[in-house]
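**Q** Listed below, chain by chain, are the residues.
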Amino acid sequence: MSRLELSSCSVRLSDRPVLHDVDFHVAGGELVGVLGPNGAGKSTLIKVLAGLLPAPGVRLDGHKLETVRPAERARLLAYMPQSAASAWPMPCREVVALGRMPHRRSPAQDRRIVGEAMDEADIAHLASRPLTALSGGERARVLLARALAVRAPVLLADEPVAHLDSAHQLQVLGLLRARADKGDAVVVVMHDLSLASRHCDRVTVLDGGRVAASGIPDEVLDDALLESVFGIRAARGECGGRPFLLPWERISP
Amino acid sequence: MRISGALLTLTALAALGSLAIGPADLGPGAIMAALAGQGDPRMVVIVQDIRLPRVALGLIVGAALGLSGAALQGLLRNPLAEPGIIGTSSAAGLGAVIALYFGWSSVFPAAVPVAAMIAAAIATLSLVVVAGREGDTLTLILAGIAVSSLAVALTSLAMNLSPNPFALSEMVLWLLGSLQDRSLDDIALAAPFVAAGAALLLSTGRSLDALTLGEETAASLGVRLARLRLIVVAGTALAVGAAVAATGTIGFVGLVVPHLLRPLVRHRPSALLIPSALGGAVLVTAADMVVRLVPSTSELMLGVVTSLVGAPFFLFLIFRMRRAA
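Line order of the protein sequences matches chains V and D.
Mapped onto our numbering, the consecutive letters of the first sequence carry residue numbers 15 to 267.
Mapped onto our numbering, the consecutive letters of the second sequence carry residue numbers 24 to 348.
Some hints could be false.
Computed footprint of chain D on chain V; a stretch qualifies when at least three of its residues, placed anywhere within it, have a C-beta under 8 Å from a C-beta of chain D [said to hold, decoys possible]:
id, region
1, 95 to 106
2, 112 to 120
Not the full set, but computed from the structure, chain V residues with beta-carbon under 8 Å of chain D [what the hints assert, rightly or not]:
id, residue
3, A64
4, L66
5, P84
6, A85
7, R87
8, A88
9, V109
Hints are computed from structural coordinates only; laboratory data are not their basis.
Because the structure is a prediction, the values reported are computed rather than measured.
No residue lacks a Cβ here, since even glycine has one placed at the ideal position from N, Cα and C.
Construct all of the structure, not just a fragment, from the sequences and the given hints.
**A** What follows is the structure in structure tokens.
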């Protein structure tokens, strides 16, 4: 089981502090949500975790991430960026196959894994369509399949459900849940508090580059935090014996 | 693979066709015999010493330009990147002219290609630094115009101050590009550098594929971006610098060829590299045949012909990209 952790990390981007003294950890078997208002530092945090922004204090299975060779890191950490415009109208199958790049295995095995990843993301029917011709939701699923095809023990996804319809949001979160249940460590940046509280094992809430709270969703996302960090009040209820929350109204500052 | 095979056949046919063009009327059989050093000794001299260097240099230069175009487009994620448009070729021409102007070539025979390659490296590197990150077309083209205008202005200055008319006419050649009157020495000077550059560029295929989805995705897949940029810049500078030093600037080959071949390789940058090299070789050889077949008082310059075809094509591409956006 992999474990990715970050201790007291501070990051400045073009001289502006973006993360301040952030602690974070995720272990195999967990689905952890990163929440926060726009500009809170969520994408920066996930890029630091992915090793794309050099920052001290990131450890993967106890090793400093900056000492892991890029080729090795690419096999251990799969990263799905928030947006990725394709420079060329490459067919989706080829896009998903990019996920096999860090591995030097047999073409037959690569083809099988690419096929599985496309099935998981429900995009098998798009295999020969060019990525540039797809809708936002379809494209997001192709990019997720690309990340899944890496078959890395740690999966980092930046807003994988932002552009999806409700059915596909639930499908993708179910998929990420399944990866976690199989032993992967999964980190998801998301905006939808209802989905986060429903699907994540733990959430970390960022506000202005600092960790505002971290823990089990039902405990973290209380009324005080929703008001102070997000400026909203939530409606709460219960469905099938599980509590849920629904962002209800904005609290005027 | 099938595309490369077809292009290889096309390259061989173009080379044979080009060998057949000239004042002495030679059939395919006579050409093959002369290539093998058999038959009429005068024909052997014509084919081996006059026609073969021209054809071989055309193939080498065309391959260098086509391959560099494909690699630059992959790196910059932009179909308009091309050694001619972004100023690499004109900078290489400037380097060659500087070496000539100061008479370095009489001291050190490789001075012209070396100066061309250094100038090409400086131009390409500055462009990648300015426009490499975002893949933004406007920045790329504007930076390319700036680099290329500066190179052309400095080349013109060298011509302006040129000490004698003979040197002037030699410098003009670097602006127009031609395969006329080349010898095996020219090939011996260009081929090793082009080969080294091509080897560097061909090693980048998988990384260029990963770049299709942007720099973040590529980095997450283990691509070392700084290293990749350096390899493409060095490879382009070697290949284009040596090519331009031998033949002058031949524009638009690296633009037209990858564009035409890209759909045939399912738009994969890695699968485009070898076909673009072959396609470039075919295009330059074919254009050089046109140059010699068009009846005119003095031979047309090859670079003029490729630009006459390429520049409208460039406009058409911009038009299409604008419509798509």
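**Q** None of the hints should be skipped; say for each whether it holds.
**A** Hint-by-hint comparison with the structure:
no.	hint	result
1	95 to 106	holds (count 9)
2	112 to 120	holds (count 4)
3	A64	6 Å, holds
4	L66	5 Å, holds
5	P84	5 Å, holds
6	A85	4 Å, holds
7	R87	7 Å, holds
8	A88	3 Å, holds
9	V109	7 Å, holds
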